[in-house]
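Q: On the provided structure of chain A, position chain L as indicated by the hints.
Letter by letter, the chains look like this.
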Amino acid sequence: MSLFQDSTQFELAYRQHFSMLVGFAFQYVEDSDVAEDVVQEVFSNLWNQSDQLEVRTNIKSYLFGAVRNACLNHLRHLKVVESHAQVTMQVEESDQTTFMEMDELQKKLEAALDQLPEKRRQIFELSRFEEKKYHEIAEELDISIKTVETQMSRALKVMREVLGSYLMYLILFSLILLLESCRGKI
Amino acid sequence: MNLDSNDIEIEEVLYRYFRKELSADEVMDVESWVENSPENKRVFDEAQLMFLDMKGISYYKSLDVQDVDQSWEKFKKENNVRSMHQAPTSSISLLRYAASIVAVIGVAIGVYFYQTQVEEVTIASVTEVRELTLPDGSLISLNEGASIEYQEPFQNNERRVTLTGDAYFEVAKIDNQPFVVEIGDVEVRVLGTKFLIDRPDDNSLSVQVDEGSVLMSYNDLHQIVETGQTLSLDMEEEQLVEIEDEIGLTSFWKTRRLVFNVTSIEDVVNIVNQAYETSIVLEGSTEGCSLTVTFDNESFDNVLEIISSTLNYELIEDGASYTLKGNGCQ
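Protein sequence lines, in the order shown, are assigned to chains A and L.
Here the first sequence stands for residues 2 to 187, where the numbers follow the working numbering.
Here the second sequence stands for residues -18 to 311, where the numbers follow the working numbering.
Bound-form chain A, shown alone:
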């Protein structure tokens, strides 16, 4: 059974998710050309192997998971991400019930941010979302860099507690059942 009944369905999926996936990939690879290539590659695999792939979740989750995987693989080739990620992935393979639900994760992240004390949240957001350097944050809020460090480490701890287990245990390979032949390649 083929995943897509016809090319129109595939085209719709492509058109709907492409931009978001490229944006998502960019966060990992930090190069817009590479991000586009990665996404095209994922769609290409999906199209060319759609009769051999079984998607165990909805197509959006599959795509985000596959793009994340491809990005990590790319980074691993660049030696930016080291072997542990690979180990993590192998562990995940056995857990077939988890999958990456981006909207859900984003909600969790927002909920976690909401739980932070006002000041800590402000510092964390200036750093994470506005990409401000510590010394810029310290100046802007008229506090010491040491305070920024302390507040950041506490905020990160909360983030890790909320998202950590989620993220560590969720990997793309749990999303798809690749035939043995394909699995060999990865």
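The set of hints was computed from the structure by calculation and includes no laboratory data.
Owing to the predicted nature of the structure, the values given are computational and were not obtained by experimental measurement.
Check each hint, because a few of them may be wrong.
[Claimed, not checked] The calculated lysine-lysine pairs, modelled on DSSO-like cross-linking and capped at a C-alpha distance of 27 Å, are: (1) Lys147/A - Lys36/L; (2) Lys108/A - Lys36/L; (3) Lys61/A - Lys55/L; (4) Lys158/A - Lys1/L.
[As the list claims (entries may be wrong)] Okay, the calculated beta carbon distance ranges per label pair: (5) Phe130/A - Glu192/L: 54 to 62 Å; (6) Gln220/L - Gln123/A: 49 to 57 Å; (7) Val8/L - Gln123/A: 21 to 29 Å; (8) Glu7/L - Lys108/A: 32 to 40 Å; (9) Pro134/L - Glu140/A: 56 to 64 Å; (10) Glu140/A - Val8/L: 21 to 29 Å.
Just so you know, even glycine gets a beta-carbon here, dropped at the ideal spot from N, CA and C.
A: Relative to chain A, chain L alone:
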């Protein structure tokens, strides 16, 4: 910077490492710390994965729109995809339309399950009445804007679906596996076969049973609705009332059928206007005028024609507005 301290401080330092905010000396410190032990390496790898994923999750929605048309054309060429139709790819409206219906299609193509896995399935009808068949063979018509969710396969020996909006059900009879429809706090448990759920607004709901019977429950209220009955629930008052809808206006979207039985012309026009979303105006005398007729899947033009010829009314058409003018029926 202190890498010999506790975990949460290390995590913060690593965060700055990945953010490239550390000085050259500090970077070297981190890198030699990583080399120090496999445990340090593991902490580093995990922190990096966490850093990347958090970044991905936080920003994945907030990006500039890429040129999808161009990218799709490139993809099509490279992967030898032949379009089924000549898509006017530059048309914004088509893309909008595609985006709106893709919610449905996306779900449809997502519905490929691994055999033993439980999946949440959502099916929505966006712009038209949509017919679908559930895995148990039950048929459902979703009115515009309605959607239905269920688990595939059904769990706990019941066929439970969650409904938003209006729908008509023809439930396949399976002994020992009841069919349950959840609409917010209201539960309709099916003991029989064909019924309609109408959701005029958030605080009311009616169930009309054409065949068999259903059990309707809301908090402590429970009522069996039998064949031919229509029960309306007022959630604010917590009241269940049997309503008469012999004419069939509530289910018209599904049945395309209106039954008039010595119904006054005022009522007929009023109901036809609601059913066909028109605005026929009555003029002249209506005294003694009533109709006994069943419109079964009739076009609006035919309906008008039948009313005017039966009652000897004059039909005046002016663009999209219609007037029926008569001299009474004594």
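Q: Would you mind marking each hint as holding or not holding in the structure?
A: To see whether the hints hold, each was checked on the structure:
| no. | hint | in the structure |
| --- | --- | --- |
| 1 | Lys147/A - Lys36/L | holds (24 Å) |
| 2 | Lys108/A - Lys36/L | holds (14 Å) |
| 3 | Lys61/A - Lys55/L | holds (21 Å) |
| 4 | Lys158/A - Lys1/L | holds (20 Å) |
| 5 | Phe130/A - Glu192/L: 54 to 62 Å | holds (57 Å) |
| 6 | Gln220/L - Gln123/A: 49 to 57 Å | holds (50 Å) |
| 7 | Val8/L - Gln123/A: 21 to 29 Å | holds (28 Å) |
| 8 | Glu7/L - Lys108/A: 32 to 40 Å | holds (35 Å) |
| 9 | Pro134/L - Glu140/A: 56 to 64 Å | holds (59 Å) |
| 10 | Glu140/A - Val8/L: 21 to 29 Å | holds (23 Å) |
When each numbered hint is compared with the structure, no violation occurs for any of them.
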